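*Asks:* Okay, here's what each chain looks like letter by letter:
Number of protein chains: 2
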Amino acid sequence: MKTTATFYHAGCPVCVEAEQSVALSLDPARFDVEIVHLGDQAGRVGEAKAAGVKSVPALVLGGVPFHINFGAAIEALG
Amino acid sequence: MKTTATFYHAGCPVCVEAEQSVALSLDPARFDVEIVHLGDQAGRVGEAKAAGVKSVPALVLGGVPFHINFGAAIEALG
Numbered sequence: 065m066k067t068t069a070t071f072y073h074a075g076c077p078v079c080v081e082a083e084q085s086v087a088l089s090l091d092p093a094r095f096d097v098e099i100v101h102l103g104d105q106a107g108r109v110g111e112a113k114a115a116g117v118k119s120v121p122a123l124v125l126g127g128v129p130f131h132i133n134f135g136a137a138i139e140a141l142g
Numbered sequence: 065m066k067t068t069a070t071f072y073h074a075g076c077p078v079c080v081e082a083e084q085s086v087a088l089s090l091d092p093a094r095f096d097v098e099i100v101h102l103g104d105q106a107g108r109v110g111e112a113k114a115a116g117v118k119s120v121p122a123l124v125l126g127g128v129p130f131h132i133n134f135g136a137a138i139e140a141l142g
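So the protein lines, in turn, are chains A and B.
The opening residue of the first sequence carries number 65 in this note's numbering; numbering runs sequentially from there.
The opening residue of the second sequence carries number 65 in this note's numbering; numbering runs sequentially from there.
Hints may contain errors.
What the hints assert, rightly or not - Coverage of chain B stretches by chain A, computed from C-beta distances (three or more under 8 angstroms per stretch; other residues unrestricted):
no., segment
1, 75-87
2, 125-131
Stated by the list, open to error - No farther apart than 27 angstroms at their CA atoms in a straight line, the calculated lysine-lysine pairs in the DSSO-like style are these:
no., chain 1, residue 1, chain 2, residue 2
3, B, K66, B, K113
4, A, K66, A, K113
5, A, K66, B, K66
6, B, K66, B, K118
7, A, K118, A, K66
8, B, K118, A, K118
Keep in mind the hints are simulated off the structure, nothing from the lab.
Predicted model, so just to flag it, every value in this text is computed and none were measured.
All residues carry an ideal CB built from backbone N, CA and C; glycine is no exception.
Just chain A, same shape as in the assembly:
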């Protein structure tokens, strides 16, 4: 069974770079990758916070959050 990888971002330039370079570089044989734009999908901010996401871009791998560089604090996203 594949591990769920959720990449949360807000469309910032550093977010897009991290999406293209990191999130889309995960092994497709092992991960199901979902990209979530929290600016467009504000209803999922709560889910991201519950997973431990403090800023975007962030990658949640199997439930564990990894913050990549720094784009925006999640508190600014609603």
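Take the given structure of chain A and dock chain B to it, following the hints.
*Replies:* What follows is chain B alone, placed relative to chain A:
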């Protein structure tokens, strides 16, 4: 040709977690992954800084640095 992915760390707990979860999850068909422990290989700190690494753990993908979470400032490593 595969892209070089270099993961720089310093053995801190957050570094090890990022190594296991992010660096070793890259698609092996597309990336050659090298893990560099800057605590043990202080001679490579200069190379990391030149690639734009400001803190560890960091992943340099095709020459572009991505900082993951925050373990230690590179200035503290020599």
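*Asks:* If a hint holds in the structure, say so; if it doesn't, say that too.
*Replies:* These are the hints, each one checked on the structure:
1. 75-87: With 4 residues in contact (Cβ-Cβ under 8 angstroms with chain A), the coverage given for the segment 75-87 of chain B holds.
2. 125-131: As far as the segment 125-131 of chain B goes, the hint holds, because 5 residues have Cβ atoms under 8 angstroms from chain A.
3. K66(B) <-> K113(B): Holds: K66(B) and K113(B) sit about 23 angstroms apart, inside 27 angstroms.
4. K66(A) <-> K113(A): holds, 23 angstroms
5. K66(A) <-> K66(B): Given pair K66(A), K66(B) holds - Cα atoms ~24 angstroms apart, limit 27 angstroms.
6. K66(B) <-> K118(B): Judged against 27 angstroms, a Cα distance of about 25 angstroms means the pair holds.
7. K118(A) <-> K66(A): OK: K118(A) and K66(A) at ~25 angstroms, within 27 angstroms.
8. K118(B) <-> K118(A): holds, 20 angstroms
The structure agrees with every numbered hint stated previously.
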